[in-house]
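Engineer: So the chains spell out like this:
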Amino acid sequence: MPNESMLTVQAPERFTPWQRVLLTVLACAATTLLATPLLDYLALANIVMLFLLTVLLLAVTLGRSAAVLASVLSVALFDFFFVPPRFSLAVNDFQYLITFAVMLATALITGQLAAGLKRRAQQAQIREQRTRALYEVARQLAGALALEQVREIARQFVRQQIDAEALILLLDEEKGGEPGEEKSRSAALRIEEHLAYMAQESGKHVFNTGLASNGYASLYLPLKAPMRVRGVLAVGLPENAPELQQENIALLEALASLIAIAIERLHYVDVAHATQLNVVAERLRSSILSALSHDLRTPLTALVGLADSLFLIKPALPAAALDTAQALHEQAARMASLVGNLLDMARLNAGTVTLRREWQPLEEVIGASIKLLGGALSAHPVRVSLPPDLPLLEFDAVLLERVFCNLLENAAKYAPAGSAVEIEARPLDDAVEVSVCDHGEGFPTTRKDGEDGKDDLFNMFVRGQSESSKPGTGLGLAICRAIVEAHGGTIGAANRPEGGACVRFTLPKGQPPVLEEESA
Amino acid sequence: MNAPALKVLLIEDEKQIRRFVRAAVEEEGCSVAEAETMAQGLIDAGLRKPDLIVLDLGLPDGNGIDLIRDVRGWSDVPILILSARAQENDKIDALDAGADDYLTKPFGVGELRARVRALLRRRARSGESATPIVEFGESPGNISVDLSRRIVFRAGEVVHLTPLEYRLLAVLLGHPGKVMTQRNLLREIWGPSYVESSHYLRVYVGHLRQKLEIDPTQPRHFLTETGVGYRFQP
Numbered sequence: 001m002p003n004e005s006m007l008t009v010q011a012p013e014r015f016t017p018w019q020r021v022l023l024t025v026l027a028c029a030a031t032t033l034l035a036t037p038l039l040d041y042l043a044l045a046n047i048v049m050l051f052l053l054t055v056l057l058l059a060v061t062l063g064r065s066a067a068v069l070a071s072v073l074s075v076a077l078f079d080f081f082f083v084p085p086r087f088s089l090a091v092n093d094f095q096y097l098i099t100f101a102v103m104l105a106t107a108l109i110t111g112q113l114a115a116g117l118k119r120r121a122q123q124a125q126i127r128e129q130r131t132r133a134l135y136e137v138a139r140q141l142a143g144a145l146a147l148e149q150v151r152e153i154a155r156q157f158v159r160q161q162i163d164a165e166a167l168i169l170l171l172d173e174e175k176g177g178e179p180g181e182e183k184s185r186s187a188a189l190r191i192e193e194h195l196a197y198m199a200q201e202s203g204k205h206v207f208n209t210g211l212a213s214n215g216y217a218s219l220y221l222p223l224k225a226p227m228r229v230r231g232v233l234a235v236g237l238p239e240n241a242p243e244l245q246q247e248n249i250a251l252l253e254a255l256a257s258l259i260a261i262a263i264e265r266l267h268y269v270d271v272a273h274a275t276q277l278n279v280v281a282e283r284l285r286s287s288i289l290s291a292l293s294h295d296l297r298t299p300l301t302a303l304v305g306l307a308d309s310l311f312l313i314k315p316a317l318p319a320a321a322l323d324t325a326q327a328l329h330e331q332a333a334r335m336a337s338l339v340g341n342l343l344d345m346a347r348l349n350a351g352t353v354t355l356r357r358e359w360q361p362l363e364e365v366i367g368a369s370i371k372l373l374g375g376a377l378s379a380h381p382v383r384v385s386l387p388p389d390l391p392l393l394e395f396d397a398v399l400l401e402r403v404f405c406n407l408l409e410n411a412a413k414y415a416p417a418g419s420a421v422e423i424e425a426r427p428l429d430d431a432v433e434v435s436v437c438d439h440g441e442g443f444p445t446t447r448k449d450g451e452d453g454k455d456d457l458f459n460m461f462v463r464g465q466s467e468s469s470k471p472g473t474g475l476g477l478a479i480c481r482a483i484v485e486a487h488g489g490t491i492g493a494a495n496r497p498e499g500g501a502c503v504r505f506t507l508p509k510g511q512p513p514v515l516e517e518e519s520a
Numbered sequence: 521m522n523a524p525a526l527k528v529l530l531i532e533d534e535k536q537i538r539r540f541v542r543a544a545v546e547e548e549g550c551s552v553a554e555a556e557t558m559a560q561g562l563i564d565a566g567l568r569k570p571d572l573i574v575l576d577l578g579l580p581d582g583n584g585i586d587l588i589r590d591v592r593g594w595s596d597v598p599i600l601i602l603s604a605r606a607q608e609n610d611k612i613d614a615l616d617a618g619a620d621d622y623l624t625k626p627f628g629v630g631e632l633r634a635r636v637r638a639l640l641r642r643r644a645r646s647g648e649s650a651t652p653i654v655e656f657g658e659s660p661g662n663i664s665v666d667l668s669r670r671i672v673f674r675a676g677e678v679v680h681l682t683p684l685e686y687r688l689l690a691v692l693l694g695h696p697g698k699v700m701t702q703r704n705l706l707r708e709i710w711g712p713s714y715v716e717s718s719h720y721l722r723v724y725v726g727h728l729r730q731k732l733e734i735d736p737t738q739p740r741h742f743l744t745e746t747g748v749g750y751r752f753q754p
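Chains as they are written, first to last, in our numbering: chain X, 1 to 520; chain H, 521 to 754.
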C-alpha cells in the first residue's frame with residue numbers, strides 16, 4: 001500500500017510548472033534574439049553552442065522538464081531562424097539533420113545531468129537538514145521528563161519537517177491493550193482506531209492515503225521499544241501532498257523509534273519510582289506493626305502475669321480478691337487475643353504475610369489447634385473424621401492453625417455446651433474441602449435489611465447478631481477468609497439442614513512431593 | 521531434705537514482667553537473679569552458674585540468640601525463652617541454637633511454673649543413668665519401650681516400627697518435654713541433606729501417632745508445636 005508514488009524529494013520550487021514553461025520559452029526566445037544579430041559574424045556551429053548553454057542554464061535553474069522542453073525548443077528555433085532556408089523548418093543541406101540530432105542529444109544529456117546534479121544537491125541538503133533535525137529531536141526526547149513533553153516534541157517535529165499533524169497514541173495498559181488516550185484533544189487529527197490497532201499488532205506501519213481527506217491520520221507507525229510496542233504514532237499526511245516517499249516514512253520511522261525509547265524510559269522511571277515508594281511504605285508498615293505488636297503485648301503480658309501472681313501472695317488473699325484476680329487474668333487474656341487478631345488482620349491486609357508453605361498432613365494442624373484451645377473447648381467434644389487417603393497439602397501451618405482455632409472458638413461460643421463439633425475433610429477434583437460444623441442455632445439467615453448475610457460474615461467487623469451478648473469483634477471469620485484466600489482456596493458459610501452452622505473451605509491439592517519408600 | 525535452692529537467672533528488660541516471673545519462680549522454691557540487659561545476663565550466667573535461664577528474646581541491647589549460643593559454648597544449663605507470637609523464626613533459631621523450651625507471650629503463671637518445673641526436673645534427672653525402659657501413657661494403650669532391645673510394646677503387645685520410625689521415637693524419647701525443631705529432627709534422623717524435606721518428618725510423626733496414640737488426631741504424647749517442631753510429652 002505505501003509508496004505508490006515513488007517520486008524523490010524535491011525542495012519547494014520557486015515557480016509553478018506553467019511559470020517554468022513560460023520561462024523556458026522566454027529564455028529560448030531571448031537566445032534566438034541574441035543570436036540573430038550575430039548570425040553574420042558567427043558560424044552556425046557557434047550559435048548551436050549558445051543554445052546548448054541556454055539549455056544547460058535552464059537545466060540547472062529549472063530542472064529536468066525545463067531542460068527537455070528547452071532542448072526540443074532550441075533545436076526547433078535553431079532550424080527555423082538560423083538554418084537556411086531561414087524562417088522555415090525545411091532544410092537544404094541534409095548535413096544539418098546530423099547537427100540537429102547531435103544538438104538535441106547533447107542538449108538532452110547535459111540537461112539531464114545538470115538537473116540530476118541539482119536534484120541530488122537538493123536531496124543531500126534536505127537529508128542533512130533532516131538528520132540534524134533528528135539529532136535535535138533525539139536530544140530533546142532524551143531530556144523529556146514527562147509524557148506530555150514527548151507528545152509536544154513529536155508534534156512539533158512532524159509539523160516542521162513534513163508539515164503534517166501527528167499524534168501519539170499510547171497503549172492503555174488498563175484498558176486491555178487498545179491504543180487510546182488523547183482522543184478528546186485531537187481535533188486536528190482523527191484516528192482510525194482499527195488501523196492503529198493493526199499497526200500496533202503487526203509491528204509494521206500502516207498507510208492509507210484515502211483517509212487523509214477526511215481529516216483522518218493516514219499513516220500509523222508502531223512505537224517499537226526494546227521491551228514491547230508502546231503505542232502508535234499517527235500522522236495525517238495531506239492527501240494531495242504530491243509525494244509521500246520512502247524518505248518521509250523512513251524519517252517518521254526513525255522518529256517513532258526515538259519516541260518509543262523515550263516513552264519506555266519514562267515508563268521505567270515511573271516503575272522504579274513506584275517500586276521505591278512501595279518498598280519504603282512496606283518497611284514502614286511492617287516496622288509499625290511489629291512495634292505496635294511489641295508495645296501492646298508487653299503490658300498485656302505483665303497484666304496477665306501480675307493478675308496471676310496475686311494467687312501467690314502469702315498469706316492468701318480473701319476469696320473475693322482472688323476472684324477479681326481471675327477475672328483480671330481472663331479479661332487481659334481476651335484483650336491479648338483481640339490485639340493478636342487485629343494485628344493479624346492488619347498484617348494479612350497489608351499483604352506483608354509471606355506464607356511458609358510446607359507439605360503436611362491436615363490432621364496434624366487440626367490436632368494442634370484443638371490442643372491450643374484446650375480449656376475453651378472442654379464443653380464441646382470435637383469429632384475429627386478424615387479419610388485415610390487424604391493427600392498431603394501445602395499450607396502454612398501457623399496460619400491454618402489460626403483458621404481452625406477461630407472456627408472452633410466460634411463453634412464453642414455459639415453452640416450449646418455438650419454438643420459436638422465436627423471437623424471433616426473430603427477430596428474434590430483439584431482441592432480438598434474441609435468443613436467445621438456445630439450443632440448450634442446456625443448462622444442468622446437474614447439480616448435486618450432482608451439481604452442474605454452469610455457471605456457478609458467474612459467481612460471485617462461483621463457479626464451474626466450485631467449486638468450479641470457473646471464477646472467478639474467480628475474479625476475471626478475475616479482472618480479465616482484472608483488466610484484461606486492467600487492459600488488459593490475459597491471459604492463459605494452454610495447452615496446444615498438438621499441445624500447447626502457449617503463453615504467450609506477448600507485448599508488446592510497441587511502436586512505433593514514423592515516420599516521415598518523406606519527400605520525396611 | 522535441705523538441698524541448696526536452685527538458682528534461676530531471669531533476663532528480661534520489662535520490670536513488671538520480671539516481677540511476676542520472679543514471684544512464680546520463687547514459688548517453685550528457687551532463688552532468682554535478675555538481669556535487665558543481655559550484657560549483664562551473660563556476665564551473671566558465667567558468675568552465678570544458674571540451674572535455669574529464663575530469657576526474653578526481645579532484649580534492647582542485642583539478640584538473645586547470640587546469648588544462647590554463647591552460653592551453650594560452655595554450659596548445658598536449660599534455657600526457657602519468652603517470645604511474642606509473631607516471632608516464629610526467632611523461636612526456631614533460638615531452639616536450634618540450643619534453647620530448651622519457649623513460652624509465648626502473654627502467658628499465665630501456671631504455664632510458667634509448669635515449664636520451669638519440667639526443665640528443672642529434667643536437669644536433675646540428667647545426671648542419672650538412662651533407664652533402658654521408658655514407659656508412658658495410661659492403660660489401656662500404655663506404651664513401654666525397651667531401648668536396649670529396641671522393642672516397643674503397646675498394652676503388652678509388640679508394635680512393629682520401621683527402622684526410621686524407631687529412630688524418630690528414640691530421638692524424641694531422649695528429650696522428654698523438650699521442643700525439637702523440625703530442622704534438628706530431620707538432621708538427626710534423615711541426615712543434613714533432608715533438612716528442607718519437612719514432609720518426611722510429618723509423615724513419620726503421623727505413623728508414630730497412628731501406632732502409639734489412642735486418638736492420633738488428638739495426640740497426647742507426640743505433640744505438634746505448630747510452625748516450630750515437635751515435643752514428646754511422657
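Just so you know, the hints here were simulated from the structure itself, not pulled from any lab data. Think of the CB as a built atom: it goes at the ideal place given N, C-alpha and C, for glycine as much as any other residue. Be a bit skeptical, because a hint or two may be false.
[As the list claims (entries may be wrong)] Cut-off 27 Å, straight-line C-alpha distance, at most; resulting in silico cross-link-like pairs (DSS-like, lysine-lysine): (1) H:K527 - X:K314; (2) X:K371 - X:K314; (3) H:K569 - H:K535; (4) H:K535 - X:K314; (5) H:K569 - H:K698; (6) X:K371 - H:K698; (7) H:K569 - H:K527; (8) X:K371 - H:K731.
[Stated by the list, open to error] Distance windows between CB atoms, simulated: (9) X:V514 - H:R707: 15 to 25 Å; (10) X:R139 - H:S713: 44 to 54 Å; (11) X:P508 - H:R707: 25 to 35 Å; (12) H:L684 - X:Y268: 50 to 60 Å; (13) H:Q730 - X:R357: 36 to 46 Å; (14) H:D586 - X:R139: 38 to 48 Å; (15) H:A644 - X:P497: 56 to 66 Å; (16) X:G418 - H:D586: 45 to 55 Å; (17) H:N583 - X:Y268: 34 to 44 Å; (18) X:P315 - H:Q738: 56 to 66 Å; (19) X:P416 - H:D586: 45 to 55 Å; (20) H:N583 - X:L292: 12 to 22 Å.
Engineer: Which numbered conditions among the earlier hints are violated in the structure presented, ordered from lowest to highest?
Structural biologist: 2, 10, 13, 14, 18
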